[in-house]
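Engineer: Take the sequence shown: its position 107, counted from the start at 1, is 107 in our numbering, and no numbers get skipped.
There may be inaccurate statements among the hints.
What the hints assert, rightly or not - Below, in silico cross-link-like pairs of lysine to aspartate or glutamate (EDC-like), each with a Cα-Cα straight-line distance of 20 Å or less:
#, residue 1, residue 2
1, Lys269, Asp405
2, Lys269, Glu228
3, Lys236, Asp192
4, Lys236, Asp187
5, Lys162, Glu106
6, Lys436, Glu106
If you are wondering where the hints come from, they were derived from the structure by calculation, not from laboratory data.
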Amino acid sequence: MARLRVRSKRWLSTLRGRCRRPRSCVRAIRSNHAASETRSPSVPDDATLPFTTAEYADRLNRTRAAMEAAGIEALLVTDPSNMAWLTGYDGWSFYVHQGVVVTPAEPPFWWGRRMDLAGARRTTYLAEPQLLGYPDDYVQARDRHPVEHLADWLRGRGWGAKRLGLELDNYYFSAAAYLNLVAELPDARMVDATGLVNRQRTVKSAQELVYMRRAARIVEAMHDVIRERVAPGVRKSDLVADIYHQAISGADGHGGDYPAIVPMLPTGKDAAAPHLTWDDTPLAAGAGTFFEIAGCHRRYHVPLCRTVHLGPPPRAMRDAEAALLEGLEAGIEAARAGNRAADVANALGDVLARAGLGRAARAGYPVGLSYPPDWGERTISLRPSDDSVLEPGMTFHFMPGLWMDDWGIEITETILIEEHGPASCLAQVPRPIVVKP
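Using the sequences and the hints given, assemble the complete structure.
Structural biologist: So this is what it looks like as structure tokens:
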């Protein structure tokens, strides 16, 4: 069993009272950030960045303003989507401990496995002094933990007794990492910074929307492949291979990335479960299948779900389809700047209720830049209890699926909140159930 470097009394004394929820984050840039606002990040000569250095500087300033509002003096960012958003870092290294450290004045620091330093040099704007690599004997070791390396460095910088923000509710920051960090930095005050950076990402920039529109063209092409190839007797694994080929080949001259979620396509009774993937069984006549897929370009996702039925759909499915189509339109009409996330969910729910249909799940979530295992941004939810105000430039997967006892149907859209009027749909794919003999 791996040894945690946590002494019981020391751990208990440091743990009590050290975790605090942040106060609400603000986008306003505070006056004492003026010095950092005037400096743009520098770019190594051979680094390739998906955004301008000015855009990265703006993101950093907004994050620092949110840190100040939360009383955070140093922030450890471990969500790879947030790392990429702040620095450009893009690598399949999130299976080991890594992060970006943000402070009030200095450029961010990338910290991770030493062998991944080359990836940081190639994909970020950070100069060599900002890149920190730990030796490989920390990787999956039983007698040490990588955050010990980070803690030593933080102490050396004079940050060992600061208010340190951590993304505690995060796929990529483990309980062992937290406990070891608390033990190694007993004088630090740990602050829960979950969602702090994520919330700065909700409104997309013009360039982010360029990438999302390219992803939309890709998901349109993926659905073209589905409509062309789906038929009784086709193995699901072969169909998914064709979907993946199109997803990576891309569309309109722009290649695709690997999506944060694999294709999900449960069939028949399996479609009562929303998160099943595929096997090598053939598609059967008389069964329905929904396809939950996303186009992805430069890590930006546009999910889109449609349903196929091999043969005439049953009456209950047709009735559900009619309600979903009406509910989609009602929700999109309500998805306006100044309205609440709850207004979208309620507009959908009212239509479904009139049709005698109910659903306990939320109706959507923000999407954009992401890494496995999820393409959502993990902030706002389209549900009746969420009073978050919609702003122009926000993008959501509006996802009103229905999962019944022995069948399911999904018809969804990725929507963009506009400056005026209702939301627009990023992809254009016919919504009705695709019926094939």
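Engineer: Hinted pair, alpha-carbon criterion (20 Å max): Lys436, Glu106. Please report holds or violated.
Structural biologist: 59 Å, violated
Engineer: Does the alpha-carbon distance linking Lys269 and Glu228 stay inside the 20 Å limit?
Structural biologist: Status violated; Cα separation ~23 Å.
Engineer: Does Lys236 pair with Asp187 here, judged by a C-alpha cut-off of 20 Å?
Structural biologist: Violated, at roughly 55 Å.
Engineer: Starting from Lys269, check that the Cα of Asp405 is at most 20 Å away, please.
Structural biologist: It holds: about 8 Å lies between the C-alpha atoms, which stays within 20 Å.
Engineer: Are Lys236 and Asp192 close enough, with their CA atoms no more than 20 Å apart?
Structural biologist: Given that 20 Å is the threshold and the Cα spacing comes to 43 Å, the pair is violated.
Engineer: Need the status of pair Lys162, Glu106: alpha-carbon distance at most 20 Å?
Structural biologist: 15 Å, holds
Of the numbered hints listed earlier, those contradicted by the structure are 2, 3, 4, 6.
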